[in-house]
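Just need the whole structure built from these sequences, with the hints factored in.
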Amino acid sequence: MKAARLTGPNRIEYLDVPQPVCADDEVLVQVKSVGFCGTDVEMYRGTMAYFKMGWTQYPITLGHEWCGVVVECGEEVTEFSVGDRVTGDVTIGCHRCENCLRGLYNLCLSKIEVGLCRGKDGAYAEYLTMPARHTFRVPDSVSSEEAAMTEPAATVVKAIRKAPFEPGAVCVILGDGPIGLLALQAALACGAGKLVLTGTVDAKLQLGRELGADIVVNVRQQDLQEIMEDLTDGVGADYVMEASGSVEAIQQAVAITRMGGTVSVVGLPEVPVPEFDMGNVAVRDLNIITSVASPNVFPQTLRLMGKGKIRTRPLISHELPLSETAKAFDIQINHPAERMKIMLHP
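In this note's numbering, the protein residues as written are 3 to 348.
What the hints contain is simulated information worked out from the structure, not anything from laboratory work.
Just to be clear, a hint being listed does not mean it is correct.
[To be verified] Label-pair distances were calculated between CB atoms; the ranges are:
(1) Arg120 to Asp235: 25 to 33 Å
(2) Gly195 to Asp287: 38 to 46 Å
(3) Gln59 to Arg98: 20 to 28 Å
[Claimed, not checked] 27 Å max Cα-Cα, derived DSS-like pairs, lysine-lysine:
(4) Lys122 to Lys4
(5) Lys122 to Lys54
(6) Lys164 to Lys4
(7) Lys4 to Lys309
Glycine included, C-beta positions come from ideal geometry on N, C-alpha and C.
Here is the structure:
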């Protein structure tokens, strides 16, 4: 089969590789669509922490946001049939350690991540094997390219489940990338009242408005803190999700949240956050809650997508054949203002 393999830092090769063989508890999936992720860029550059930790070695096939069709079922698999359209978790747990037994398989002490670590090749390929227990059927109303964004959508659904807000809450989403626009829709689906989206690219902010934001703020041109003071009579937002990975945005999230409010940190900054004033956080009784990965929420996320509550099609800016993966990396890295989600089709 064909696969786009990461063979070294900044080096993608489109190669013939052996087709994977599914184990008794796995399904073999023919990949139809696979999405690009910021984590893939870290892997591409060789800066991903998993390399230093010894969890990842070259070569590896990336790709953890995908949708495909089941073409074979292992002998123990009864919940899927050939022809089912499916997607799946990024994290595969051992289901024996303490964290897995608590349902936190994203924190498994020996976790495998699809297309990222411990030798599990991903979906930048024509075929992929997945454990059936980490695989989920896609609703008929959701296309394959739309379903390939289930994993990032599930990430924000899980973040809101971990740090919920009251119906009618004033919510702010910091970040106008795919995660921010998915978070915007998930917040609306969960009952947000007034919803503010921030970012730096006017076209992306306009898309956010079309997807349901009441107010959009270009933080390079407008004063977000002043806008929030006017909007809330100086009280602050009930709930702020940081979805950009910006150090400045994390600090801003704390500044615009009301006393007793919640800051949900989903974006992953590449550098430490300096001068984080925990005294200010404590005195204002803020809830600072982080969230990583998307365990146990794929079914809920797919239901929201199937009902049109979370729309992923508007976020797809580029579609390319798998053979042009190198071009896709160039777009992802060098043209951030022009792209949202890049989709590859094997």
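Original post:
Which hint numbers does the structure go against, in order from smallest to largest?
Top reply: Numbers 1, 2, 6 and 7, in rising order.
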